[in-house]
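S.K.: Sequence:
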Amino acid sequence: MATKPLAGSTREKLPGATAIGKADPSEQIQVTLVLRRKNAASFQKTLAAAVAGTGARHISRETFAREFGADPEDLAAVKQFAHSAGLTVAETHGARRTVVLSGTIAAFNAAFGVDLQKFQHAGGSYRGRTGAIHLPETLHGRVEAVLGLDNRPAARAHFRYPTGGAQLARAGSAAATSFTPPQLAGFYNYPAGTGAGTSVGIIELGGGERPTDLATYFAGLGISPAPKVTAVSVDGASNDPTTANSADGEVMLDIEVIGAIAPAAAIAVYFAPNTDAGFLDAITTAIHDATNKPAIISISWGGPESSWTQQSLTSFDSAFQDAATLGITVCVACGDSGSSDGTGSGDAVDFPASSPHVLACGGTSIQVSGNAITSETVWNDGTSGGATGGGISTVFALPAWQNGLAATLTAGGTTSLSKRGVPDVSGDADPETGYTIRIDGTNTVIGGTSAVAPLWAALIARINGQLGTPVGFVNATLYANPAALRDVTEGNNGDYAAAAGWDACTGLGTPDGAAVAGLFAGGVS
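Read in order, the letters of the sequence shown correspond to residues 0 to 524 in numbering that gives the first Met the number 0.
Hints are computed from structural coordinates only; laboratory data are not their basis. Be aware that a few hints might be false.
[To be verified] DSS-like, lysine-lysine: derived pairs with alpha carbons at most 25 Å apart:
| hint | residue 1 | residue 2 |
| --- | --- | --- |
| 1 | K37 | K12 |
| 2 | K3 | K44 |
| 3 | K292 | K37 |
| 4 | K78 | K12 |
| 5 | K44 | K292 |
| 6 | K78 | K3 |
| 7 | K117 | K37 |
| 8 | K418 | K44 |
| 9 | K21 | K3 |
| 10 | K21 | K117 |
Just so it is clear, the structure is predicted and the values come from calculations on it, not from any experiment.
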C-alpha cells in the first residue's frame, strides 16, 4: 500500500535521550486520530463572528456536531483502514473529530510506517519515534493528526512553592505572605456572585484531589455547602491523589481557587495521561461534554512551542476554535520560567497559552495594605524562584485584536508584534505573595501562573452567573477596552519589560473585575 508522510508529524528525540531498544511489539497501546472538519468554510465564518467580540450568538453542541463534526465518510475510511491494519476502533466521537484505535505496537509500526523504540533520559524514560508518520493515500486529507504513538510527557504544571520549596511551605512557614482566593477576588474588585448556573472544566495531567481536604478547606472559608466537584476519566487516567505526586498541588490549587471564588459553579475535573494524545483528548472531551457542559475551561499545564509537533499545535488550536464557537472561555497559564520558558537560551512562549483562541494568563507580584493592592509588578524571582512567561509566538499568526502592538525589550526599545503576543492578562502569581490552599492534609502556600488561569476562570464564572449566559471568547473585547484592566508598568520577565499598555510580561494587566463584568453587561463600550 502506497503511503505518504503526514505533514507536521515529524518527531525528534528529547535532548539528551538515548534509544535503549525497540518497544515491545506485543504491547497494547491506544492512539488518537484527529480528522478534518466538514463544512470548513462555513465554520470559519462562524468562528470569525465568535471571536470578533460583537455579541454574536454561540452555537449549541448539538448544532456543532451536526454541522462541523467529522464527515461520516471520513470516519468510515478510518474504520476500514483500522480493520485492514489489524487495529481495533476503541472509540469514535464525531463532534470531537477523533477516532481512538487500539492494537499492538507491531501493528501500529506497520500501519503508520514508524519504528517505536524505548528512550531513556535524565528525567526518566518514554516510548517514542523519530521521523514522520506515514498514511495511506485513502487517509491523506482526511486525517490531520496521529497522536499517542509517542508517550513522552507533553506538558508541565505551572505552579511554584515559595523560597525553600514544598516542604518549607507545607510546614507552615511564615516566609511567604499569602492570601485566600476570596481575598484576592476582593483586591481585584470582582463583582458579586457565586457562579450559580455555570460550569467550569479543569484539565489535569496527573495528581488528584481528596474530598476530605476540599471539605475542610471550604469549611475554613465559611463556604457551605462545598462546591460540587466531578472527576471525569479520560483515556484511562483518574483522580489519583498521593503525597508523592507533586501534581496534587496543581489539582488542589485549581479546584480551590475556582471553588472559593465561584462556589455555586459546578466543577468538572478532566484527568488524562500526560501525553499529547491525553492532553488533547481531555480538552476535546471537556469542550464537547454534553453532560457537564463547561462554559469555562482552566488549563495550568504547558510547554515551550518548540517541544510540540506541528500536528499537535494545529489540533489543539483547532479544538480551541471549537470552544470559541460554542461560547466557552479557555483560560491558560503562560508558564513560570520567564521569557525563555525554560528552554535554556533565547526566547520562547508556552503552549497552549500561545494559541490565539485562548486567554493567556501571566503573573505579577503584589503588595497589599488593608484590603487594597498598593503596588503590583511583574513576577520575577530569578531563575531559581521563577518568573512569568511571555513573549512572541513563532508559530501563530498575529490576531486582529493585537494589530499595532509592540513588545518592550528590557535592553531598550521595542519590537512590533508580527505574530501572536503572550500573555493577554495577568494576576498575582508570585509564590512569595501566593495563595493559601490545602494539599494532602496540610495547609500551604502556592503561586505560579497556574494560579492565574483559575483566578480568571472564576471571574468569568461570576460574570456568566450574573448574565445567565456565557460570555465566550473575551480577548477582542478586552483589547478594545484596556481601561477595564489595571496596567502593570514595572518589572521584567527576562528579555521583555513591563510598559504602559500591553506588554509581553503582564499583557493588558490585571483585572478590575467589576469593570470587566461591565464590558459584557453593556456598562462599557
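S.K.: Going back to the hint list, which numbers does this structure go against?
M.R.: Violated: hints 1, 2, 4, 7.
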